[in-house]
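Colleague: Protein sequence lines, in the order shown, are assigned to chains A and B. To convert, take the position in the first sequence, counting from 1, and add 890; that gives my numbering. To convert, take the position in the second sequence, counting from 1, and add 206; that gives my numbering.
The set of hints was computed from the structure by calculation and includes no laboratory data. Keep in mind that this is a model prediction, so the values were computed, not measured. Treat the hints with caution; some may be incorrect.
[Unchecked claim] Derived pair list, reagent style DSBU-like, types lysine-lysine, alpha-carbon separation capped at 30 angstroms: (1) A:Lys1205 <-> B:Lys325; (2) A:Lys1322 <-> A:Lys935; (3) A:Lys904 <-> B:Lys226; (4) B:Lys226 <-> A:Lys1180; (5) A:Lys1231 <-> A:Lys1122.
[Said to hold, decoys possible] Selected chain B positions facing chain A (Cβ under 10 angstroms, derived; list incomplete): (6) Tyr222; (7) Lys226; (8) Asp283.
Don't be surprised by glycine CBs; every beta carbon is placed ideally from N, CA and C.
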Amino acid sequence: MAKKSITGADALVKCLENHGVEYIWGLSGGAALPIFDALVDSKIKLILVRHEQGASHMADGYARATGRPGVVLVTSGPGATNTLTGIMTAHMDSVPMIVITGQQIRPMLGKDAFQEADIFDISMPIVKHSYLVKDTRDIARVVREAFHIASTGRPGPVLIDVPKDVSSADFTGDLYPDMDLPGYHPERATVDQPTVMAIAEALSKSRQPVLLAGHGALIAGAQDVLRALAEKIKAPVTTTLLGKGVFPENHPLSLGMLGMHGTAYANKAMVECDLIMSIGSRYDDRIIGKAALFGRNAVRIHIDIDSAEFGRMIKCHHYCHGDARAVLTELIKHVGELNTKDWLEHLNGYKKKHPLSYKTRGGLKMQHILDVLNDMTGGDAIITTDVGQHQMWAAQFCKTIKPNTWLTSGGAGTMGYGFPAAIGAQFGNPDKEVWAIVGDGGFQMTLCELATAAINKLPVKVLVLNNRYLGMVRQWQELFFDKRESGVDLVGNPDFAKLAEAYPGAKGLTLKRAADIRKVLQRARDYKAGPCVINCLVEKADNVFPMIPAGAALEDMLIEAPKPHVKLAKPTGST
Amino acid sequence: MTTILTETDTHTLSVYVANKPGVLARIAQVFARRGYNIDSLTVSPSVDGRYSRMTITAKGSVEGLDQILRQVSKLVDVLRCTDHSLDEAVVREMALIKFTTKAGERTEALQICEHFGCKTVDLTEDSMIVQITGGSEKLEACIDMLGKFGIVELVRTGKVLMARGRQET
């Protein structure tokens, strides 16, 4: 009997199944028709979104919460370009993602044909790798390579552009082909013993060390060995915004998050320490302040899977190329307890003197709501955020205890990320409580996905911290631009609770008074039939502190609001 | 670390790549992003047709270049990227030089060309094209000498490079 012929699209979907793909987030269109058709007969669940950006953030949220690559499928042209923000977000934060884009047929490429966009070239600077499949026979190899590249070494997004005539042609190739990646060798990041010994030696001399853990430590699954190391050598641990969760923030050795809006004690520790060991962090501009002054009196160590990060921002004394867990597993064998008693007492003094705080009197405060939410969820919920003031306060007040429960757009700073990321996280963790903490600005960028959440009956809770402002920008204008507000007033916001109720199955709640916080949050927690939007009408103007003005040294941190007469210079560093 | 680069020595890099679509664009992007101008670039298939060899010359600070090397090496289709500026590598370049020769000038021009080992590849009543191969300094000197005749056009291939002995390029 003759073998039943399959198309390129069938082969593509078969390969995705073979890679264990459960969900595809996508939006259909002409150039992707054969692939959408092939999905009809597949066990993979297609989640139809309302905008392609949403699909990319959902895949991202799924990937961050589960550790498995998220898969996106869109059509050519605008379908493809709409995913770019999500691809960039995943690229900046090292998130494994596969983005499949339909494309015009091969003979029409380069002719400005209908819905033709050269997405292969447009996306080039923001992908880990990309493919334009020109031969149906290559499909299986490309998919296999894409998953391998996306999820090994330093993870990242991989784009696969598939012309319609390639996906609709008969597939005659091998469904399990070998990869052809002569230039890709993530396995070469093996632990270098002499480097580990040199780091152990440096640590042994330290009396005031700080361990700085980033997203790389989380991706490597280094949480257990990091904790064991910190407890063995008695060193305090601070995490980056993306590293939250790799070390429990309720641990006595935790300093919480460092950086621009990090805790005063974490930043002071960075200034006063005699050794900084970065574990899977890239010494990003948001944590180092003025680079020339950062850690200038400390022995600086950089452990990273991506050696292109070495010396990029900060020159270090020791560079160790490798997987964070593998490096720490080796390092812990060669270190003993350090004499850090005085150092820890000193830092505890800072914790007592400069705790994270807010005033409960006056209007409804974002910090207060987040503090109560943290108390109610106890670190068990998955929390996603958008970008801005609410993000920084959430980072400060929502203590992250477990890995992969804190999802936020760090490198890219993508507004509109939080809600769709929460949807993706909920798909990957149907039994977990998932909270999207968003501002009224960012929520309006992707709130069309309320339909996606409602139709799929996802009990995602959307905490809209609504100050009718683009609050973080307003804060900068207040502090550095003589309070000259420009383009920050979100007059004309809808009633988000009513808006939610317009979607069948979704619930809308309103929170106006501090006294009602616990009651309203509990009602949201009790609603499990679909998404619940809580419109929190918070104080219009409040500022996030501590704050290190961009480009300032860490020691110039503003622990609290400056006195009204103090005029701050315009920040010169990054943005 | 400052990103404002100081113009220093020219660096000659050899990049060994998988012969796949987009690889040149990806490499060029790394240079452009870091503010480096590529002075010259040659690409050709290697002895194994699956791979290509690029020789790139660019100016900029050593630190900046080190970053570029790391970022280029990290690209999926790049097998290796090496800075040969400090090696004793064999570096050659070819140029075609078209210049005018008035009556009575041709003999002198030919003498200069002979000195530099140029080959005459085109000859008309009032112009010549010569081909020269060698190190970049030799080419510069020759172009300088022929300058007085009036160079009409100049095409240089850019450097190609090979490491000596058993060393890998």
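Colleague: Would you mind marking each hint as holding or not holding in the structure?
Modeller: Comparing the hints with the structure gives:
no., hint, in the structure
1, A:Lys1205 <-> B:Lys325, "violated, 51 angstroms"
2, A:Lys1322 <-> A:Lys935, "holds, 20 angstroms"
3, A:Lys904 <-> B:Lys226, "holds, 25 angstroms"
4, B:Lys226 <-> A:Lys1180, "violated, 41 angstroms"
5, A:Lys1231 <-> A:Lys1122, "holds, 13 angstroms"
6, Tyr222, "holds, 8 angstroms"
7, Lys226, "holds, 9 angstroms"
8, Asp283, "holds, 5 angstroms"
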